[in-house]
Amino acid sequence: MQGPSIKFENVNLSLGNTRILQDISFSIRPGKIHCIIGVNGGGKTSLILSMLGQMPHSGNITIDWHDNRVIGYVPQTLEFDKTLPVTVRDFMGMTCQRRPVFLGIARSRHSQIAAVLDRVGLTSKSKSILGSLSGGERQRVLFAQALIPEPALLVLDEPMTGLDLAGRKILETSIVDFTNAGGTVVWINHDIAQVNEIADTLTYIDRKVLLDGDPRQVLASGTAAHLFPSLELFEKQATTAN
Amino acid sequence: MSAFYELLRQYIINLADQGIIHYTFLYEFVVNGFLCALVVGPLLGGIGTMVVIKRMAFFSQAIGNAALTGVAIGVMIGESYTAPYVSMFSFCILFALLLNFSKNRTKMSSDTLIGVFLSISLAIGATTLLWVSAKVNTHILDTVMFGSILTVNDTDMNVLLVTTLITACVALPLYNQMLLASLNPSLAHVRGINVHLLEYVFVLLVTILTVACVKIVGAVLVEALLLIPAAAARNLNRSIRGFVAWSVIFSTASCLIGIYAPMRWDLPVPSGGAIILTAAMIFVVTMIIRMVMPRYREASI
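If you're matching them up, the sequences are chains A and B in order.
Per the numbering used here, the first sequence starts with residue 1, numbered consecutively.
Per the numbering used here, the second sequence starts with residue 1, numbered consecutively.
One or more hints might be untrue.
[Stated by the list, open to error] Below, simulated DSSO-like cross-link-like pairs (lysine-lysine); rule was C-alpha separation at most 27 Å, straight line: (1) K82(A) to K103(B); (2) K32(A) to K7(A); (3) K82(A) to K127(A); (4) K125(A) to K169(A); (5) K208(A) to K7(A); (6) K82(A) to K107(B); (7) K103(B) to K54(B); (8) K32(A) to K169(A); (9) K82(A) to K125(A); (10) K54(B) to K82(A); (11) K208(A) to K32(A); (12) K169(A) to K127(A); (13) K54(B) to K107(B); (14) K54(B) to K127(A); (15) K125(A) to K54(B).
[What the hints assert, rightly or not] Partial list, derived from the structure: chain B residues whose beta carbon lies under 8 Å from chain A: (16) I53; (17) Y175; (18) N184; (19) I240.
Calculated from the structure, these hints are not laboratory results.
No residue lacks a Cβ here, since even glycine has one placed at the ideal position from N, Cα and C.
Let the sequences and hints guide you as you build the complete structure.
Take a look at the structure:
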C-alpha cells in the first residue's frame, strides 16, 4: 500500500461574511503522519472537510493517489440518539457492507470487523449498544470503522478525545503501524507532547498557516513559544524525564 | 393482475367455504383487506424503523395531511373520488419535495419547519376536502381520514403492490447508507454517499408509501402505523436486526388484527382506527415488559 501526497495551494474559505481560511498552502508527504494544530475555531476541521469535498472553497487541494483511493475518516464525535438499538457490530456493518445490516453481517466482512475491533480492544463490546459505550470506547469504534476497507489515507479529527491512557496507546500504535505500512495520516491534534513525539510534520493554523515543518524544529522556534504558553512547561517535563 | 387476484380470492373463499378458515373470509372485501394487510404491514414496519431513526414521524404526518388536499384536487378535476391517485401522488410528492428543499435551505430546526408545513397541509386539506365533500359525497372525508377497507378494489391493490416493489427495490440496497447518513452525515459523505440525494429518495419513498396506504389506514393514521410498531420494537431490542424484525411483526399483526377484529365481532370501528388501536395496545404491552423486566429495561439506555 502507498498513501497519497497532498498539496494545499491558496485555499480560501468564507462562510457568510466570516473568513474561515485564508491562503492556506502546505504539503503533506506520502506515508507520513502530518498533524494539524491550532486554536479552537482556527479552521482545522473546516480545512479537513474542504479536503474531503464537504466544504465549498477556492484554491486547489490536490491528492496524488496511487492504486488505493480509500479514505478512512474519524470524525470528532458521533452525535446520535443514544437509545437507538444499534450495536457496535451493526455500526461496523453499516459502514462497510451493502447488504442491509438487519439481515446480518456479510460473511466476507466477519473476519475484517472482528480483526479491527480486536485491534482497538473492543472485541468484548461487539454486541453492546453503541449508545452504552463510554466516550473513549466510541472514539475507538470510530477509529475501527475507518480501517475497513483498508484505507490509503487516514483523516483523523481529534480521535483521542475522551480516551484513557490505554486507549491512546492503542490508537497511537495503530496509527504508527498504518504509516509504517505506507499509509498517509492527516491528524488534527491538540496534544503538543504527542505531536512532538510521533508526527513527521506539522502545520499550525489560525485561519492562515502560522507554522509548518518538522515538529522538532517548529516547536523549538520563538513563534511556537509565543503560540504555546504551555510549551515551556512541556519542554521542562521532557528534560526532567530525560 | 386482476385474474391473479381473482384466483387468490377464490382459493381463500373456497377454504372458508370448506370450513377450514373462518366464514368471514367468504366475503371478497375481507380477503382483499387481508391481502393488503399482508403487503402494507411488513412494508410500513420496515420503513417505520428508518422513520424513527431519522426522527421523521411528523414528516409522514404532514404527508398524510397533504393527501387530504390531493383527494380534494382529484375530485375537483374529475378523478374518481374512491381512487384519486394521480392527484394524490402528484400533490403529495410536490409537497414533500418542497418541504425537504425548504429544510435544506433554512437554518430553522427541522421539527419547527415540519410543524409549520404540517399545519399548513392540514388547514388546506381539511378546508378543500370539506368543501368538496359537501358538494359530492360527505363520506369521502371519513374514508380518506380513517381508511375504509370495505372499498378496497383491484386498482388499490395494484397501487399498493407497485409501491411495495418500488420501495423494496430502492430501500433495501440503500438501507445501510440511509442509516449511516442519519448517524453521521460527514462520515457517510466520505464513504461516497450522496447524503442530500439519499434524503430526497427517502422522503419520496415515505410519500408514495403514505399515499398508497391512505385507502386502508387513512391519511390521519398512516403516520401512526409507521411510528408505533417501530417504537414498540425499539422497547424490546438491542440490535438493528431485532428492531426491524419485531417492527415488521408488530405492524403486520396490527394490520391483520385491525382488519379482522371489527368484522369478526361486528365492531363499529373503521379499519384504520382498529389497526392503530391494535398497534397502540402492542406498544403499551412492550412498555410494560420493558418496565417490569430488567433484561429489556437495558434495551434502551
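Hint by hint, here is what the structure shows:
no.: 1; hint: K82(A) to K103(B); verdict: 24 Å, holds
no.: 2; hint: K32(A) to K7(A); verdict: 14 Å, holds
no.: 3; hint: K82(A) to K127(A); verdict: 15 Å, holds
no.: 4; hint: K125(A) to K169(A); verdict: 19 Å, holds
no.: 5; hint: K208(A) to K7(A); verdict: 15 Å, holds
no.: 6; hint: K82(A) to K107(B); verdict: 24 Å, holds
no.: 7; hint: K103(B) to K54(B); verdict: 14 Å, holds
no.: 8; hint: K32(A) to K169(A); verdict: 18 Å, holds
no.: 9; hint: K82(A) to K125(A); verdict: 16 Å, holds
no.: 10; hint: K54(B) to K82(A); verdict: 13 Å, holds
no.: 11; hint: K208(A) to K32(A); verdict: 22 Å, holds
no.: 12; hint: K169(A) to K127(A); verdict: 24 Å, holds
no.: 13; hint: K54(B) to K107(B); verdict: 18 Å, holds
no.: 14; hint: K54(B) to K127(A); verdict: 22 Å, holds
no.: 15; hint: K125(A) to K54(B); verdict: 25 Å, holds
no.: 16; hint: I53; verdict: 6 Å, holds
no.: 17; hint: Y175; verdict: 4 Å, holds
no.: 18; hint: N184; verdict: 6 Å, holds
no.: 19; hint: I240; verdict: 5 Å, holds
Of the numbered hints given earlier, the model fails none.
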